[in-house]
Structure formats: C-alpha cells, structure tokens
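With the hints as your guide, set chain B onto chain A.
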Amino acid sequence: MAPAALPMFDAFLLQAGYNATLVTLGSMLLGVAAGVTGTFLYLRKRSLISDALAHATLPGVGLAFLLMVALGGDGRSLPLLLVGAGLSALAGLLCVHLLSTRTRLPLDAAVGAVLSVSYGLGIVILTVIQTLSAGRQAGLEGFLLGSAAGMLRSDALLIGFGGATAALLVILFRRPLLLVAFDAGYAATRGVSPARTDLMLMVLVLAVTLTGLKVVGLILIVALLIIPPVAARLWSDRAGVVVAVAGGIGGAAGYGGAAASATAPDLPTGAVIVLLAFAAFVISLLVGPVRGLIPQALRRARMRGHLDGTG
Amino acid sequence: MIPHRQIAPVASLTVPALSISGLSVAYDDAIVVGDVDARFMSGTMTAIIGPNGAGKSSLLKATLGIVPKLAGHVAFFGEPLETIRDRVAYVPQRAGVDWDFPARVIDVVLMGLYGELGIFGRLRPSHEKRAMDCIARVGLTDFARRQIGALSGGQQQRVFLARALAQRADILLLDEPFAGVDAATEKALVQVLHALRDEGRAIVAVHHDLATVPAYFDHVLLLNRRRIAEGPVATAFTEKALAETYGTRGAAHV
Chain A
1 MAPAALPMFD AFLLQAGYNA TLVTLGSMLL GVAAGVTGTF LYLRKRSLIS DALAHATLPG
61 VGLAFLLMVA LGGDGRSLPL LLVGAGLSAL AGLLCVHLLS TRTRLPLDAA VGAVLSVSYG
121 LGIVILTVIQ TLSAGRQAGL EGFLLGSAAG MLRSDALLIG FGGATAALLV ILFRRPLLLV
181 AFDAGYAATR GVSPARTDLM LMVLVLAVTL TGLKVVGLIL IVALLIIPPV AARLWSDRAG
241 VVVAVAGGIG GAAGYGGAAA SATAPDLPTG AVIVLLAFAA FVISLLVGPV RGLIPQALRR
301 ARMRGHLDGT G
Chain B
1 MIPHRQIAPV ASLTVPALSI SGLSVAYDDA IVVGDVDARF MSGTMTAIIG PNGAGKSSLL
61 KATLGIVPKL AGHVAFFGEP LETIRDRVAY VPQRAGVDWD FPARVIDVVL MGLYGELGIF
121 GRLRPSHEKR AMDCIARVGL TDFARRQIGA LSGGQQQRVF LARALAQRAD ILLLDEPFAG
181 VDAATEKALV QVLHALRDEG RAIVAVHHDL ATVPAYFDHV LLLNRRRIAE GPVATAFTEK
241 ALAETYGTRG AAHV
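Chains A and B are the protein sequences, given in the same order.
Sequential numbering from 1 applies to the first sequence in this note's numbering.
Sequential numbering from 1 applies to the second sequence in this note's numbering.
Extracted from the complex, chain A is given alone in its bound form:
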C-alpha cells in the first residue's frame, strides 16, 4: 500500500482495493466505448439524438423500479433497471424518428421535445417513488449525475463488459458506418442501407448510454459521446486516427473520473469525467496538430516569413 499521507493517489494507481479497481477499469472501458461510438455519431451529424435518447431512459428507470417493488423486490437490480431504461429510450428514439420523418417538425425540435418531456416524466415518477416507503429508492438519483462510489462488483463488471462489447462492435463495423456517414447516397448504391446502418449505430449508442447510466448519469453521458470526438478531430484528418484518439480521451476521462470518485466519494462521478474530457478538449484546441490554435498560428507565422523572404 502507498503511504497513508497520499490516499488520493491510491485510486489512480489502482491501489484502492479490488472493488475500486474494477470500477475504475470498467468506467475506463465505458469511456473508450463512448469516445469510439460518439465519433461515428458525430461524423453522421447525429450527436444531439443521443441527448434525447439519454434523457428518455429516466422514465424507464423509475417504472422498472416500481415494477420490481410491486413484485416484492427491493428494486435495486441494475440489469433490470437498465432493461427499463433501454425500453423507454427506444420509445423516445421512436418518437424522435416519427416526429422528424412523419411531421414537418425539424429534427432539432423533435429532439428537444422528446428530451424535455421524457425527462419531466421521469422526474415526476422519481418524485412519486420518493414518497413511497417500499423498496430502497436511495441511489436512483445516482442515475442523473452518476456515482461510481458504492458500486457493486457485478455492476462494475457489467459496465466494463458492456463498454468493451460496444467499442468492439463499432470498430468491427467501421467501414459501413464510415461509408454512410460520409456519403449515404453512394453507400446505398454499394448495397449498404443507410437506414439499417443508422439503426445499428443508434442501438450501439443506446448500449453505451445504458452502460454509462450508473457511472456518468443520463444528463451528462451525452457529453462523453460528443466531447472526445470533437477534441480528437483537432488531432487528425484521418477518420481511423480520430476514432482512436477519441477512444483514448474517453478512456482517460472515465479512468480519472472513477479514480477521483473512489478518493472523494461525494464528488459526482459523471461531472468529474465530463470535466476531464473537457480539459482534454481545451488541450486539443490549443495544441492539436491539425486544427489546434497554436500550430495554426505557427503555420501562419511561417507563411508570413516566406512572404517576407521573397518580397
């Protein structure tokens, strides 16, 4: 063990106990999955849909809890809560799809409507739950902002496994995903259905969202899907590199956030993870070799030097 004087480094060095180590590694894998999946979402210009999807999980969490309590349980089973979350997220996704394709409502308005209404519904259900004496409702609000502290070993394994699976699937199907993201019409002529590919992407985003619900929380998971790709874009003009860098940034943020949370259990894990991702974005914005501000200024200065030299 490290000296007691420096307890906060224990978690970062995976020395804070077996459970904390599992949670830290699990949330790192989640971060990798979010960065990788989020990149394809970003390239397809669908980032915002993930926000509606995430908020639409909340009614499902509440209803799944109520159902479990009604059946005599304590309502704490993470897998069952996630099943509820997944079903209501799918319902929300369907609403966005129908509103944006069958009505004249533009996509952003449809996203806004579904996001706020399902969040409102979810909050009402959670409030009702808090007035009940049945079940152990404490901890449900952890789904809002995420809390890695006090997570069960099985929860951590579920999150790590879910994250790794989602990331692997996205990387496996990168070619059709990229083809559709760049040029959907051409993809269709090559036999790659844009509708089916988009559906697959949405299912993977849903998987990442559900996986991240406990750690990052439904309000902030969208940030973990958006910030790493945007930061990674500043580093490269090649999609493959952008995907890898985004996975790295997401993974580092997930790791750091969970470790910080193990050190200071009162910190909302999701918020710390998102702030770490944002720090990576700021660094990328400054020094990213392709589009970072400092390299850009240097290139301009060099060009000006050329002008002076010849003129």
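Read the hints as simulated data drawn from the structure, not as lab findings.
Don't take each hint at face value.
The calculated EDC-like cross-link candidates involving lysine to aspartate or glutamate, where the alpha carbons are at most 16 Å apart (straight line), are [said to hold, decoys possible]:
id, chain 1, residue 1, chain 2, residue 2
1, A, K45, B, D100
2, B, K69, B, D35
3, B, K129, B, E116
4, B, K69, B, D37
5, A, K45, B, D98
6, B, K69, B, D86
Below, chain B without anything else, positioned relative to chain A:
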C-alpha cells in the same frame, strides 16, 4: 499501370449498359418521374437534361435504388443492380457531402473498394496501389494524402471519379458533375470522362448547360417528368424537342 479494362465488345453491342422501362418516382403525392423508358449503351456519353424539377436527379437516384421506385424496371447490363453493384458507379453532387470529413483523397477512393473488401476484408498494399493508380488517372497524385476539404471543386469531383474507377465501374451515373466548377476545370473533367467513354464505359450525366451539350455529349435524354426525346445528339437534340421540354419560353435559353 492504369486500371482500365476494355469491356467485352460483344456484350456492349447487344446489352444496354442501362435500360429503364416504365420508371415512375413519386414524393408524397406528386409524381416527379412518370413512366420513363430509356436505354444507355456502353461507349456512349449521355446528358440527361430538362428544367428544374423535371425529375432528372430523381430518375438517377431511383435507377440506383437510393430513392424507391413507384413502378418500373431497371437493368444494368441485363441484370438487376443487386448482382453487379461493382460495375455501377454513382457520382453524387459535390454539394451532397461534407468536405470537412476527416478523410484524405486516398481514403475516399478506397471506399470504392467496399464491394471487394466487404465489412471484414483486410486492406492490402495491392488495394492501396490500385487506389493510387486511379488517383493518377484523374491527375491527383500529388494530392493523394491531402484532406479532401483542401481541394478545389474540380479536384473534389475528380476524387469521386477516381472512386468510381476504383470499384472498376463500367457505367458512371453523375449528378451535375460540372456544378460549381470553373470553365477550365470543366474542360479537364470532360476530357477524363471522354477518355473513360472511349474505353467502352457508359457515361450518364445530369447536365444543365444546353450550350455545351453538343460538344460534351453524344447522346441526350430530354426529360420533363416524362421522356420527351432520346437518342443521338444529332437527331434528338432539336429545337422542337427543346421547346417541348422547356416550354416555348425556355427555348430562348439555347
């Protein structure tokens, strides 16, 4: 070497590269293409012309299965598209894609190999070499490793042509290939297209500028929701057919 093949002359003389019969396309409740028949032969270059809203792009997209057909039959080299996707290349409007996408010229051209690689196939040096050959063919060798947003409009159009060559297409369907490029670039593009045609490929392009039709194309399809005229420029591209396509007012454009 340059990656082009001669098409078996027997097949090209008898079976049209593309034949369309009774094709209709509708959006919501409006018919935008009505009962169109057309044949495009290998070794020819055809302009699809007609006024705005005449259904030119819709005809192209329905032919390629990008938008659904209301009715009709489409065959490439006598076969349905599903069985010979590699031989059919769609060259979309330049404005239709995001040129800020993180991709270099070679990355886009390699997308043309999707039919061969599939989802899981491994990208080999031979694939890269073929992509580079196609890039050389359209004169972009020096730009192969550039991000696509750094190219001019004409160069971007040539990237699409290289992608079509990489998939070894025998028919190219282009949606307004000359939109937004300057005159010199347009001439260069036409030269590439003529070379592809002279090797036996069929070129079909939605085109706007009536003045350049005789110089660029050997065949025309005049379209205004329905087929007005079709055939060699010499016989089908007439004052009368144009008046019928564009209305009498529109004939002044010529």
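So, going through the hints one by one against the coordinates:
no. : hint              : in the structure
1   : K45(A) / D100(B)  : 12 Å, holds
2   : K69(B) / D35(B)   : 11 Å, holds
3   : K129(B) / E116(B) : 15 Å, holds
4   : K69(B) / D37(B)   : 14 Å, holds
5   : K45(A) / D98(B)   : 10 Å, holds
6   : K69(B) / D86(B)   : 21 Å, violated
Of the numbered hints stated above, the single one contradicted by the structure is hint 6.
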